[in-house]
Every structure is written in C-alpha cells, then in structure tokens.
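Chemist: The chain contents come next:
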Amino acid sequence: MKNYLIWGIKFFTIVVCLIVIDWGVGKVADFVLKVRAEKSPSFMENILSRRDDVIIIGSSTANHTYISNEIRDSIGLSVYNAGRDGGFFVYQNCLINLILDNYSPKYILWEIGEHSLSDNFGMDREFQEETDFYPYYSNPYIKDVFDKKDKYNRLRMKSNMYKDNSNMLGDIYCLTSYFVFRTIRGEDESEKQRLIGDNNGFVPLIEKENRDLSKKRFSITQDNINDKKVDMLMATIDRCRHQGVKVVFTSSPRYYESNILHTKCFVKLNEVASREGIPYINFYTNDKIISDRRNFRDNDHLYEQGAENFMKIFIPELKRVLLYY
Amino acid sequence: MTFTSFEFLLYFPVAVLLYNIVPQRFRVWYLLVVSYTFYAMMQPVYLLLLAGVTGMTYGFARWIAKTDDDKKRSRIMVCSIICVLLPLFFFKYYNFVNEQIAALIGVEVLMPKMGWMLPVGISFYTFMAIGYLVDVNNEEVEVEKNIGIVGTFLSFFPIVLSGPIERAGNMFPQFKSLNRSTPADLTAGAKMMLWGYFMKLCVADRLGLYVDAVFENVAHHNGTTLLLASILNPIRLYADFAGYSILAMGVARCMGIRIIENFHRPFFATSMSELWHRWHISLIKWLTDYIYTPLNFAFRGWKKWGMVVALMVTFFTSGVWHGAAWTYIVWGLIHGVLLSIETFTKDKRANFENKYRLVGRWWYTAIWCIVIFLLFAFSQIFGYCTDLKEAGVVIGKIFTDSENLFMDQSSLIYGGLMLFILFLKDLRDEFFPKHFLCFNSKYIVIRFLSFIFITILVIWCGVLNSSQFIYFKF
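Chains A and B supply the protein sequences, listed in that same order. Under this note's numbering, the first residue of the first sequence carries the number 10, and numbering increases by one thereafter. Under this note's numbering, the first residue of the second sequence carries the number 724, and numbering increases by one thereafter.
In case anyone wonders, no lab produced these hints; they're calculated from the structure. Do not rely on the hints blindly, as some may be mistaken.
Think about it this way: if two alpha-carbon atoms lie no more than 27 Å apart in a straight line, the pair counts; the simulated DSS-like pairs of lysine-lysine are [claimed, not checked]:
(1) A:19 with B:914
(2) A:158 with A:115
(3) B:1165 with A:19
Interface residues of chain A toward chain B, partial, derived using beta-carbon atoms under 10 Å [as the list claims (entries may be wrong)]:
(4) 12
(5) 16
(6) 19
(7) 26
(8) 170
(9) 173
(10) 174
(11) 176
(12) 332
Just so it is clear, CB atoms sit at the ideal spot from N, CA and C, and this is done for glycine as well.
So here's chain B without its partners, still in its complex pose (with noise of 0.2 Å):
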C-alpha cells in the first residue's frame, strides 16, 4: 500500500478518526502499531530489521548516555554507527563491493550473490537513527527512555519508505504530547495531500511515461528525444519527491504532527550551492551537520582546500546513498565537483555581480536559474541510466545525433499542462507569495473552487494505475 492506492484513501481516513478518539497516553503507541502494520503491507519480513534496528538504536543510545567518559562514549557511538549501517551495508551494497573488489584484484566472484529484495526505506531509518545516536553523543537531544517513541520515530508511517529524514530532535517532543487534530491541521494536511497527489501523479508520472519510455531504450533514441527526455527527468524528479514529501507533510499534519519540508523550489535556485539547500533538504541538512562540518573543521587549516575535501566527501557519501552503482557516485562527484568550484569563484562572482548591478534583475536570475536547471539536468543523466557506459552513449547522442523527436502527445500534451500549473504555482510561491491565493484565499468561493479544480484534475489526468515513488528503491 502506498500513499497514492485507493487502499489508502479508504483506510486513511479510519487511522486519522482513531488517532483522534484514542486517548492520549496511548497514542504514541497507536502511531507505532498503525506504522508497523502499514510497513507490513508492504514488506512484512523486513518488519524484523526494522525492529532489531529500532531495538539496537534505543539499547545504544541509553548506552552512550549512561556513559560519563568521552572517549568512551564515542567509541560506543562508533561501534552502535557500524551496527546500525551493517543491514543497509548487507542488503544495499554487498553485491556492489563484492562485483568491485573481484573486479579490482581480477578474480571471479567466488562469494554468492545476494538476491534479496531491498527492504523499503532502509536508508532512511537507517539515517534517521544513525542521526539520533549522534545527537545523544553530543546531547543535543537527551535520551529517549520511551522505546514507544523510539520505535515510532524511525517506523512513522508517512516518512518511513521515501523520508524526509527527520531528527530526533524535531519528533520526539511532538510524540510526547500528541493533541487531537485540530480543524486547522486537518485543512492544512488535507490541502497538503491534495497538492502532493496533483505533483506526483498529474505531473511526476505523466512526465515519467516519456522520460522512461526514452530512457529504457537509448539505443533507439537520438539525441534530440534524449536531450528533451533529459530536461524533463529532472522536473519529473522533483514532481515525484517533493510530491511525495508533501504527502508525507500532509499526513502527519492530519494527526497535528509536522516534519520538514524536503523541496522548496529548487529551480529557482541562482546557484549550485542554494539548490543544494533547496533540494531533498532532509538529506543535506543530515551531511552537513554528520560530515561535512565535522571534516570541515578538521580540515580547516587547509582553508579552501579543506572545504573542497568535505563537500568531496559529503557528495561521495551522498552518491553512495542514492545506490550501490559507479553512475550514482559519478552523479555525487559531479556535485562536489561543482559546488567546490563555487567555492573558489564565489567572491569573484559576487565582486561582478556588485560591479554591474546584477543582483536583483530579472533577466540575471532567470539565466542563472537555466544554467543551474541545465547542470543539475546533466548530472542527472548518471543518476537515470544503468551503467557509465550507457550514461556516456545518451550524452554523446546528445551532442551528435540530432534527428526528428520522438513525440508522445498524450503524455507531453497532458504533462505539459500540468507542468504550466505547477510552474505557475511555484512561481506565485517564490515570487508574489501574498498574490493570487487559491488555496488560501480569503474568498471561500476562490478555495472551493481551487479544491474542486485540483481534485477533477488529479481524477482526470492522473496517471492512476499503480506506480512506484522512485526514491523506494533508496
């Protein structure tokens, strides 16, 4: 069951009305039951990991906060990090490593293959309680001698399969008081859950017909259809995430709960840097704060040099995440790649801009935004396709082979429009956010009436049989 199956809407609603009539003392354990039956639906063997990492994390972090001495307390930390990554390391990049290592001394792979099923949203527990075990250690947040609250947190249902990933720190106050919904929290997750259904299934998976249907079979695509499908993955990516996100913040704010936004229109960004704090946020904010300050400020002597080295690593790390491929690490250095060269370009780039009085104008943001849009697009060609191989082939199409393009009207004539809405949307949100208000107008004819709209377009041009969040495979 996932967010977007007609089980969900029916079942929903029922857990938001029991929510609300259990009493409180007992709804944070409510919350735990309705999030393990949920991840049962899915994946009810995996049910176990979760759990035994729910187990590990909450017996660790007591651990390490009934521990005076420092050292001894990191090297608790270290030892319940590894515990905790092993799964992930077993389930997510055992065959990888093995393929890479047999590759790199020239044998063949004598270990077996592992050929399990990715449990669903591993990584993101995964991180969720690696980021609490760290917070403990630096007590930034105390310990949690709720094992309810523990177990809720990494299993809560709307963040549990695609994020975002949540702190401690943000959570377990609001799980320790768990009022009834109010009108507003319901009005609010209700419109919240309408907006991310419109971004995932009336833009995400229509623009995901085409950039599939062309993305599956390079070889018989030229450079033209390739370099439209490659512009459009990345607005379907971000369709289909922050969609995804937005669900997620509808439905815990249903049940008063309310996580961090993840997307807050990235391509708006006028830098590589700004669209790194715009994009999946969630996960940026988790590297900064567990890699890259950490080896920034190990490596501070080495100035520029040594922020070069962290944003290196915390994009190394962040490929890594993304999946067990050559093509998601290349993505991630691409990154790092780009971000360091704004590092060392960035007083020069300021000193023009204060130079020409180019702050501000229009014309100036808006080519900054496709620039940006446009390298973000390329590195997303490694993040798509299978192999570096196959990468390499649609860039060199891209540039060499310019025929007729391949033309999927119903997806691009239905994908297109819905995407002139979402643009309209995002740009009302980043520039005139006090203007044409639809959900939030004052006039109660104007938010009905925008309500209907959306709901008749997600019925209506919805890709409405049953599809996969991309990030599931994360």
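Okay, chain A solo, but in the shape it has when bound (with noise of 0.2 Å):
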C-alpha cells in the first residue's frame, strides 16, 4: 500500500508541475502574441487588423481566384482577399464573426459551394485550421463555436499549451525571422506572398503542365444537408444585416458535371440567398471557364491565368449586382 501511496504522490507532483508550466506558457504565450502582432503579424491579425470595404471569405478556391486588385479598380472600392487554404465553412464564419467585432464592411463577397452546408463534409476538415483561433477562444463567438465541437473540447481549452498548439514555434521562428534578419516570414509561401507582396490578399496560383485532369461527377446520394450549418448561416447573415452588411454570395468555377448544381445543399443556398434577398453570382459551371481546362490546376483551383479569365466575366456582374444591392 506504502509503494502505492509514493507512487501516486510522485504522480500528483509531476501533474502538478505541468498545471502551473501551463499557467505560465498562457502568461508567455500572450506577450509573444503581442510582439509578433506588432512585427511580424500572423494571418489572423493580419486580416483583423485591416479596414477594407470589400471583404472576399472563402477557403482555397477564393483566395486564389479573386484578384483583389482588379475588383478594387473596376469598383472603386478597397478589396481585401482574406480567403484561407483549409478555411471551410465554420472557419469562416468565425472569421466573419470576428472581423464583425472590430468594424462593419461595405461589403462581404462569400464563396461557398457545394460542401459549405453538407453534412457529409468531416467536422474534422472544418476544423483543420482551428489553431487560427485558439488566440481567440476568450471571444464569445469563437468559445462557443469550439465548444460545441465535441464533448471534451471545453475541457482541452482550459489548458493554454493545448491553446497554443503548433503555434508558438511558429510565433518564434517569425519574430526571429523579423529581429535577426530582418525579413518578414509566413507559415508558408502563400503566407508569406500575402504578407509582403502587394496583391492585397490574392495568392495566384503558378501555371503547370496539367495532366488527367477530367471532370469530377457528384454523387447527390452523398449529399444531406447539416441543420447545424444552416443556423450558423443564418446566425451570420442576420448579424450582417443588423451591422449594416451586405453580404453577396459567390460560386467560382470548377471542373465539375454540371449535376452538381442540383444537389441539396445547392438547392438550400438558392433558396436562402432568395429569401434573405441575398445576391448568389453563381459560376460554377460556367462554359466560358470551363470549356478550357488549362484554366485549371485541379477540379477545385484556377490558375493565375484562369483566374484573370473568370475576373473578365465575374467583375462586370459584380458590378451589377453591386448597383442595384
């Protein structure tokens, strides 16, 4: 019983230890998030920190289709591209919640698509950049969306190492980027383009040789709609309107059947954007786009070139739309 007692005592020692390193990584954690705000800001901040009057949300597929510059030209408007590669639909409504807190844009150019309200789309891949926001886990929103995640993750946000998850290294490789070289350094390349380049959030993508690429069929059995994504949606665009923002709903190309249009959770978005008197420029499976597959560098992505191509039909909608929104 003796050997028991010691050894969970020692047990007790070492858990104890790790609470109060925890306290201490959470007191740390914060004065780097500070610096590094200041010097050599992450996505996030980055994005929280602008006042544009154009707001495109998306994940991949809009960060690297919508030039920002060519729609802030053509509209007279300042545009920033705040499209996320892995930003799904939860991502960014907690991305448009949190830009809410800090100021209201003209307006919010939403890309969304066929996996925006399905069920069948993992919570796994919502949450796959989730580490963006762990700074922000204090903010009502974003406690109660990572909350509801699963059953323990109110439990596992308590811990702040847990909340700093695969971040701080990061945060110390780019404040020692910043104060020994002197240069300004991203999670990655795109990350880094968006920082320093002066696309104001448009990352092109690269044109390659482009084999087997053939159109994708979708299965509507695969497709239900999740209820629970639908009330976030709606929670969002109520919250849009209330602060005065008109939100516009968009749907770039990809190198699909066209049968994809007729799944439930393209029908759903019709039928909110018509409802909530929405705007929806729908190009999915425009021709002009499609038609030609070296605009295309997978089913779901455009080229640079491919991207310059859809900004000759989209922008001159855009504008219509625009005019009578």
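Using the hints, put the two chains back together into the complex; each one sits in its own frame.
Modeler: See below:
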C-alpha cells in the first residue's frame, strides 16, 4: 500500500508541475502574440487589423481566384481577399464574426460551394485550421463554436499549452526572422506572399502542365444538409444585416459536371439567398471558363491565367449586382 | 475511440482502477467486457464478427485437441483455417479478386461490388486465431477450455485494432494469472504510453501532414518534393506504427500484462534481413513460423533456391496481408527479391567485410544503414500509392523532374525537431544503452524533468486533432 501511495504522490507532483507550467506558458504566449502582432503579424492578426470596404471570404478557391486589385480598380472600393487554404465553412463563419467585432465592411463577398452546408464534409476538415482561432478563444462567438466542437473540447481548451498547440514555434520562428534577419516570414509561401506582396490577399497559382484532369461528377446520394451549419449561416447573415453589412454569395468555376448544381446543398443555398434577399453570383459550371481546362490547376482551383479570365466575366456581373443592391 | 482520443485518456485510468478492484478470478471476464466495449465504440455491428471468429476458433481448437489421428487433426486444422479466413477474404479481398478475375477473362464485373466498411483489426485477430489453431495442432500450446481467455486473447483492446500479432503461448499464461498492477507496472506502462504518444502525435502525425499533402497531389508536385516525401514516408510509418505498438505495450503493462515488442529501431539495420528482424516483428515472426519455415523445410532439397521460393511466397503473403491491391503485392515482392539477393550474396559480403575488417567500423555501418533505409523507402512508394501507375509517376519524377522544393515550414520545422529527438533517443538505445538515461535515470529530478518535457512537447507540438492510425486499414 505504501508503494502505491508513493507512486500516487509522484504522479500528483508531476501533474501539479504541468499545471504550473501550463499557466506560465499562457503568460508567455500572450506576450509573444502581442509582440508578433506588432512586428510580424499572423494571417489572422493581419486580417483583423484591416478596414477594407470589401472582404472576400472563402477557402483556397476564394484565395486563388478573386483578384483583389482588379476588383478594387473596377468598383472603386478597397478590397481584401481573406480566403484561407483549408478554411472551410465553420472557419469562414468564425472569421466573419471576428471581423464584425472589429468593424463593419460595406460588403462581404462570400465564396460558397457544395461543401458549405454538407453534412458529409467531415467536421475534422471543417476545423482543419482551428489553431488560427485558439488565441481568440476568449471571444464569445469563437468560444461557443469551439466548445460545441465535441463534448470534451471545453475541457481541452482550459489548457494554455493546448490553445497554443502548433503556434508557439511558428511565432518564435517569425519573430526570429524579423529581429535577426529583418525579414517577414509567413507560415508558408502563400502566407509570405500575402504578408509582403501587394496583391491584397490574393495568391495566384502558378501555371504548370496539366495532366489527367477530368471533370468530377458529384454523387447526389452523398449530399445531406447539416442543420447546424444552416443555423450558423442564418445567424451570421442576421448579424451582417444588423451591422449594415451587405453579403453577396459567389461561386467561382469548378471543373465539375453540371449535375452538382442539383445537389441539396446548392438548392438550399439558393433558397437561403432568395429568402434573405442576398445576391448569388454563381459561375460554378460556367462554360466560358470550364470549356478550357487549361484554366484549372485541379478540379477546384484556377491557375493565375484562369483567375484573370474569370475576373473578366465576374467583375461586370459584380458591378451590376452592387448597382442594384 | 482510439488511443490518441481525449476520451481514452479519461476512461483508461478508470478501466485500470476497476481492473485492480475486480477480484482476480473475474479479471479475465472484466478484460473481455472492456475489450468488447472498446471495440463496440468503434464498430458495434462488427463485434458480432469478432465474436463469431472467437467462437469458431474456440470450437475448432477443442476439436483439434480432442482428435488423436494426426491426419484427421491436420484436416480439421486446414478446415478451421479456411473458416477463420473466410470473413477476412470476404471483407478485404472480395472486390479485388472479383475485378482481377473479370479483367483476366475480359468480361464485365457481374457480381455486385461489396461496399461494406472493413472491420477494424480483422487482419490482426484473424492471424492470431490461425496462429493459435496451428499451435494447438502442433501441440505447442495446450488447448484453452475457458472461452473467456480465448475471447480476451482475440479481442484484447490494446492489440485488437492494430496489433502486435500476439501468440497464445505468451498471452494465455498471463490471462490465467492476472495479478494487480504493481507500481512498477504503472510506472513502466505510463512511460511507454508517454513515449508512444510522442512518437505518434509529435513525429508521425506531424511528418504525415507533409507526406500526405504531397502524395495526395502527385500530379502537382515535382521530383524534388516527391523525393523528400518518399524519404520522410518510412520515418513517418515507423513513428506511427512503432508509436502505436509502444502505446499498446504501455496500456497492457499498466495492467501488468506484457506484450511483444513490435519494432526495434529498424533504421539501424545494416541488411534487409536485419531490418525485417526489427520492423513489425510480430508479423514477420508469424510469417516465419507459419509460412517461411514450413515452406523452407518442404523445399530444402532445392538448397538456396528453396529459400528463395519460401521468401517470395512469404513476402507475397505479407504484401497481400497489407492490402488488396497490386501495389502492396509489388511491395512485398520487392522485399522478397531483396532478401533473395542477400541470400545469395551473404557469404561474399561476409568475406569482403572480413578481408577489409569493416565490421564495427562506424562509417561502414552508417553507409549500410543509409543504403538499407533508401531501399526500404523506395519500396514504400508502392506501399503508399493507390496504383502502380501512380507509383511509376512518382519514381519517374524523382529521377527526371527536379525543381524547387515544396516547403511547409510548420510541418517541417516541428517535424524535424521532433524527429531529431526521436533519432537521439534511438541512437542512445542502439549504441549507448546505459548512458544518457532520462526516463530511467537514477536521479528523480532528471526523470521528472524528462516526463514533463515530453508531455509538454506532446501538448504543444503534437497534432492533436483526431487522426487515424495508418494500420487501421489492415
């Protein structure tokens, strides 16, 4: 019995040490974040510091498709492309709500697609870039979303080290680059382009030889609506309306067969747009772009030239919509 | 619920506590209930399959033991193996065989395709069942009359999902005398679990982010990137599989049960045969005992060619066991060929090493470690790719398409640092086992600091969103 007691005391000592270190990590992380926000901002810090008239929201398809400067030059408003690789529907809602906490842009161009309301698009993927939001866990919206992620997430988020998971080394790396090498570093090449380039968030995909690209056919049987996502969408739309922010749904061209437009998800998106009076610029299966597969890097992303070709038809349509909106 | 899920961390201490409270005579039944609950939380309906295979194995083993006539025993054994293999064939190989036969005779596939999910762990518990039946037939193990012990053996939750492939001879005596966990068991178990979590979450999953991102987009990556991913892939596999195995060992050890070590620092091997004594040890031992040795004996008249035939069949089986695809079969055959070459060149190599006194020279050992690693990495290209065409594209690009490397700084920085720690630990274990002790240091402060340091690394740098063990698809 004595041996078990000694074992228990040792285990308890280690646990207490970890709790104390966890508290200390929280303090250090707050300090590092503060310094980094000033000197070498992360993707989130960068976006939340901006005050553009038009914000483009979406995943990688948005990030590599909508040429912010061309849109800006055409409509005469400042534009920033806040699309994020791996930032899917839940991510987009969290980002919009964080932006709305800071200010009210005139317009949000929201790139949506067949995954947006889909129940079959796994929650793991929806939370793929969740560590971007860990520093903002004290925000009520973010806290609510993350506490509902699964039944144990609230417990996990009590740990400062867990909240700082996969961030601290990156923060130190970026700060070291700044203070030692006097260069700005992003987490990856597209992040670096975003931070130091003048494309206002747009990251072009460099053209390479396209091989074996054929149209995907979406299986309608795979498509179910996630009601929680619909609720999330409606709540975000309501908040935008309340703050005087005009939302425009957009869908850029994808290399898919046109049956995809008949999926329950697209039907629902059209229904929401119609009911809420939200313009929906849908070029998902636009023949002008899809007819030339050289526009596409893969089924979901346009090359830089493809993006430019798409802007030639998207911008006039956007101007027409904004004129009457 | 997997070992790396948060729920497991909450439920496992409770399971260990209850294990120690339950009276000894009921402990094996308690383990059976816990194991079945664990399995049911993943795939409830396939619990029936596991129970069915358990029932068959138990029944056939008793029948074999009761039969005195050797020929009849062998026939019953063969029949039992076929019965136990049927579910594995049905769930894992039916579609592949269906398609290959149709392609061979040039007709459309008329039989409906099976779209059922593969039962988790079926490859592992099937092999364990077969091993038990053969051991009973060969009288290496006494038949077990307590169905609870047989059931626990095949469903034991630390090993049911992804191995190691245990033997009845090792597990049955332990299940018959399940004692309380001692503080030494709890400490050893916790240490193994901590290191297993580090390998899995910090090294395997971190490198996996990069490797998966590259291999899932082969068409869009150049040869340089594919080369790096191909080199990182076996390291990631090692950290994943070995990490899981060490976790399983730790979980079992917390209950005072010892299971076989499955990986033994394979990348310090200086020959292919040595690598296969260090990589997935439980599988290779199973294949050696039940396929290679009988075949080698049967073909002993062919001398070295007999060994070659035995090797090729054994590694063909290994390839097929890993997956129902030509890529796995080619992967297995590559290893069969490499081992066959070693069989023929073993004496020449030994003479060469003796002549120039190369054995024990660090640089010579390092060269061979690198050569064996690169050969293994090359074979793993087939293990990863979805089909032979894709594997061909990868290999072709590696040799012809060299451009800028695709970098994901986060994965590579974190992964590189964690890999460095793993490398140091394995290097210490291999060459300086009594030096630089951390987890086993005689100083309590060093031990505690080591535990805390690794725990911090797991929480801070581990990939903590849910991910599956690669071996689950087996």
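Chemist: Does each hint hold? Answer for all of them.
Modeler: Evaluated hints:
no.	hint	verdict
1	A:19 with B:914	holds, 13 Å
2	A:158 with A:115	violated, 31 Å
3	B:1165 with A:19	holds, 15 Å
4	12	holds, 5 Å
5	16	holds, 4 Å
6	19	holds, 8 Å
7	26	holds, 6 Å
8	170	holds, 4 Å
9	173	holds, 6 Å
10	174	holds, 6 Å
11	176	holds, 9 Å
12	332	violated, 39 Å
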